[in-house]
Amino acid sequence: MEMKPLTRVILGLVCLLVAIWLVAPTLVVVPMSFNENKSLAFPPQGFSWQWYQNFFTNPDWTSSFLNSLKVASIVAVLATVLGTLAAFGLDRMRARPANVLRMLMLTPMVVPGVVLAIGIYAVYLDAHLVGTLTGFVLAHTILALPFVLIAVSANLEVFDKRLETAAASLGAGALTTFRTVTLPLILPGMLSGLLFAFATSFDEIVVSLFITNPYLKTLPVQIFSSITRDADPTVAAVGTILLCATTLLIGGGMLLLGRERKGRP
Amino acid sequence: MNPRPENRGAAIDLDTVSKDYGSFKALDAVSLHIKPGEFMTLLGPSGSGKTTTLNVIAGFTDATSGKLLVGGKSVVGVPAHKRNIGVVFQHYALFPHMTVGRNVAYPLALRGVTGAERERRVRQALDMVKMADFAHRYPSELSGGQQQRVALARAIVFDPPLLLMDEPLGALDKKLREWLQLEIKRIHRELGTTFVYVTHDQEEALVLSDRIAVFNRGSIEQIGTGRELYDEPATLFVGKFIGDSTVLRGQAATSAGETAIVISGQTVVTDKRLADGGSPVMLLRPEKLALAPRGAADAGRNRLAGRVGEAIYLGSGSKYEVVLADGSKAIVRSALEAQSFAIGDEVDVLFAGRDVKLLADDDKADLTLT
Numbered sequence: 000m001e002m003k004p005l006t007r008v009i010l011g012l013v014c015l016l017v018a019i020w021l022v023a024p025t026l027v028v029v030p031m032s033f034n035e036n037k038s039l040a041f042p043p044q045g046f047s048w049q050w051y052q053n054f055f056t057n058p059d060w061t062s063s064f065l066n067s068l069k070v071a072s073i074v075a076v077l078a079t080v081l082g083t084l085a086a087f088g089l090d091r092m093r094a095r096p097a098n099v100l101r102m103l104m105l106t107p108m109v110v111p112g113v114v115l116a117i118g119i120y121a122v123y124l125d126a127h128l129v130g131t132l133t134g135f136v137l138a139h140t141i142l143a144l145p146f147v148l149i150a151v152s153a154n155l156e157v158f159d160k161r162l163e164t165a166a167a168s169l170g171a172g173a174l175t176t177f178r179t180v181t182l183p184l185i186l187p188g189m190l191s192g193l194l195f196a197f198a199t200s201f202d203e204i205v206v207s208l209f210i211t212n213p214y215l216k217t218l219p220v221q222i223f224s225s226i227t228r229d230a231d232p233t234v235a236a237v238g239t240i241l242l243c244a245t246t247l248l249i250g251g252g253m254l255l256l257g258r259e260r261k262g263r264p
Numbered sequence: 000m001n002p003r004p005e006n007r008g009a010a011i012d013l014d015t016v017s018k019d020y021g022s023f024k025a026l027d028a029v030s031l032h033i034k035p036g037e038f039m040t041l042l043g044p045s046g047s048g049k050t051t052t053l054n055v056i057a058g059f060t061d062a063t064s065g066k067l068l069v070g071g072k073s074v075v076g077v078p079a080h081k082r083n084i085g086v087v088f089q090h091y092a093l094f095p096h097m098t099v100g101r102n103v104a105y106p107l108a109l110r111g112v113t114g115a116e117r118e119r120r121v122r123q124a125l126d127m128v129k130m131a132d133f134a135h136r137y138p139s140e141l142s143g144g145q146q147q148r149v150a151l152a153r154a155i156v157f158d159p160p161l162l163l164m165d166e167p168l169g170a171l172d173k174k175l176r177e178w179l180q181l182e183i184k185r186i187h188r189e190l191g192t193t194f195v196y197v198t199h200d201q202e203e204a205l206v207l208s209d210r211i212a213v214f215n216r217g218s219i220e221q222i223g224t225g226r227e228l229y230d231e232p233a234t235l236f237v238g239k240f241i242g243d244s245t246v247l248r249g250q251a252a253t254s255a256g257e258t259a260i261v262i263s264g265q266t267v268v269t270d271k272r273l274a275d276g277g278s279p280v281m282l283l284r285p286e287k288l289a290l291a292p293r294g295a296a297d298a299g300r301n302r303l304a305g306r307v308g309e310a311i312y313l314g315s316g317s318k319y320e321v322v323l324a325d326g327s328k329a330i331v332r333s334a335l336e337a338q339s340f341a342i343g344d345e346v347d348v349l350f351a352g353r354d355v356k357l358l359a360d361d362d363k364a365d366l367t368l369t
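First to last, the protein sequences are chains A and B.
For the first sequence, numbering that gives the first Met the number 0 assigns the number 0 to the initial residue and increments by one for each residue that follows.
For the second sequence, numbering that gives the first Met the number 0 assigns the number 0 to the initial residue and increments by one for each residue that follows.
Heads up, a few of these hints could be off.
Only part of the chain B face toward chain A is listed, based on derived beta-carbon distances under 7 angstroms [as the list claims (entries may be wrong)]: (1) Phe-59; (2) Ala-92; (3) Phe-94; (4) Tyr-105; (5) Gly-308.
In silico lysine-lysine, DSBU-like type, Cα no more than 35 angstroms apart, as pairs [as the list claims (entries may be wrong)]: (6) B/Lys-34 to A/Lys-160; (7) B/Lys-129 to A/Lys-160; (8) B/Lys-318 to B/Lys-34; (9) A/Lys-3 to B/Lys-184; (10) B/Lys-318 to A/Lys-160; (11) B/Lys-271 to A/Lys-160.
FRET-style restraints, in silico, Cβ to Cβ [said to hold, decoys possible]: (12) B/Val-77 to A/Ile-249: 45 to 53 angstroms; (13) B/Gly-114 to A/Thr-25: 51 to 59 angstroms; (14) B/Gly-21 to A/Met-108: 34 to 42 angstroms; (15) B/Arg-185 to A/Arg-91: 36 to 44 angstroms; (16) B/Asp-200 to A/Thr-175: 30 to 38 angstroms; (17) A/Ala-94 to B/His-32: 35 to 43 angstroms; (18) A/Leu-186 to B/Val-77: 25 to 33 angstroms; (19) B/Gly-21 to A/Asn-98: 22 to 30 angstroms; (20) A/Leu-186 to B/Gly-71: 53 to 61 angstroms; (21) A/Leu-182 to B/His-32: 35 to 43 angstroms; (22) B/Leu-68 to A/Leu-182: 31 to 39 angstroms; (23) A/Val-99 to B/Gly-76: 31 to 39 angstroms.
I should point out that these hints are in silico values taken from the structure, not numbers from a laboratory.
No experiment lies behind these values; they were computed from the predicted model shown.
Virtual Cβ for every residue (Gly too), placed ideally from N, Cα, C.
Can you make the complete structure from the sequences, with help from the hints?
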């Protein structure tokens with residue numbers, strides 16, 4: 000149906016408004032990070048790089064940043080290995096039990112973060128895992144694993160299993176077949192899963208607030224405690240850096256997924 | 000790939016091989032001997048057991064019982080990747096992340112062939128299927144026919160004594176199929192390897208094979224050359240599956256070396272005899288039948304009265320479907336120079352008694368072709 004010019008204009012305006020509404024909070028952060036005064040007031044006054052300098056020199060910020068990097072890296076690898084194995088297991092199971100198991104493994108995406116956080120905190124108190132690297136890695140892996148499972152499962156769905164039969168006929172044993180045929184073909188799914196897992200861990204806050212202690216803080220925890228203590232524009236600087244970094248990461252992941260959907264040469 | 004075609008193929012022996020899926024018998028005591036270097040086609044409708052047989056030989060499926068020897072050695076329990084058998088699949092199954100060259104080099108790499116020797120053999124295999132110019136392309140950049148030629152090169156590059164092909168031309172159009180059939184025949188001649196070829200296309204089987212094994216419902220109905228199967232079908236199923244045929248049922252009476260069969264109220268006489276004297280089925284090939292106007296004089300030949308139901312001009316001749324009084328149909332192929340008839344013409348179908356094939360009626364003979 001042909002649209003009237005007026006309808007088209009109004010529709011366009013509404014879309015633009017919604018888009019601004021969605022992006023505005025993010026874009027407010029960027030100018031605030033260049034504020035000259037130690038204030039989070041908007042609009043900011045003047046221009047300075049001092050909060051970026053603070054982020055890179057203040058040990059509170061650098062150590063929490065390095066902690067986040069360490070936790071997210073380990074989580075990304077762990078979740079990718081476990082998620083890929085799970086995806087394989089489900090792919091080769093009978094459909095009905097596989098669907099039940101898949102739903103179970105995806106629950107961390109659906110269950111409210113606070114509920115999960117309370118449960119994890121209660122267990123961690125007994126197990127002495129609060130404020131430990133192991134504690135963070137285990138908790139974040141729970142949250143990141145579903146993303147890997149989804150990405151690799153999508154990849155396995157389009158993977159032609161008959162290629163494995165062909166490889167066997169050419170003389171490849173099960174392990175060689177996996178290494179030379181299956182793995183290269185599901186690698187895009189694994190990589191996008193890895194990126195999502197890293198991002199999930201890196202900006203996780205709810206569970207982290209519960210299991211943190213003064214000796215081990217991740218970056219989101221540091222941001223939260225800083226902003227509740229005083230109006231330090233360093234959080235805006237961190238926010239801007241994270242915005243750039245996650246945009247690159249998630250964008251890369253989407254690109255990989257999209258390329259896989261279209262089918263590769 | 001050394002040029003010594005005499006003794007390069009492996010013999011294959013299947014001895015009462017069965018494959019059950021629950022209560023369903025996919026293969027029912029199949030025995031088959033394939034000679035070294037032979038081109039053997041497993042022919043049959045879908046679900047007849049021909050692909051299951053191929054999968055058992057390749058090691059993709061384990062037989063429930065029976066013996067299987069390749070080159071005189073039992074391969075029961077040997078996994079597929081240790082059998083050293085080349086396989087070509089209907090769906091090509093090329094590795095999409097490797098170039099044509101790397102696809103063909105894959106089995107060589109697994110066998111520890113490296114460097115110049117590997118390159119030489121890849122090139123030789125690609126030359127044989129006339130794809131040497133495409134070594135740096137990816138499979139997705141090739142047409143179906145080209146992909147299947149690469150798959151063939153990959154399956155022969157490691158010099159297997161046996162090559163299995165599972166409907167390799169099934170996904171290709173007719174012209175390409177006919178050309179590739181000749182290519183496969185040539186490659187078989189040049190290699191001297193034993194070929195086992197699965198198809199449901201009887202024409203393809205006749206073009207390619209030294210011998211054909213006709214499968215039906217999990218067992219072999221007959222094994223023989225194309226000529227043997229066409230001229231002397233052992234069962235009604237084989238007669239109907241290979242070539243066009245007219246099948247007529249009637250009452251038989253044997254006396255003094257002759258069999259008289261009453262079909263549609265008319266008597267047909269033949270010197271063929273029916274072993275068990277049951278109700279026979281008469282099988283007639285279209286080119287052995289002739290048409291004449293009703294009542295025309297032609298002594299010494301059997302005649303059945305009918306009406307032309309369908310007349311098809313084929314270029315090289317004509318094909319008629321004649322409806323007899325009892326409703327059964329006869330298919331007649333006549334040469335170009337023969338008298339032509341129109342739909343509705345009253346005619347006589349003429350044929351010699353010696354061209355009649357008498358077969359036992361067989362409830363298994365109903366064809367379910369897909």
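Which numbered hints does this structure break? Per hint list: 5, 8, 9, 10, 11 and 20 violated.
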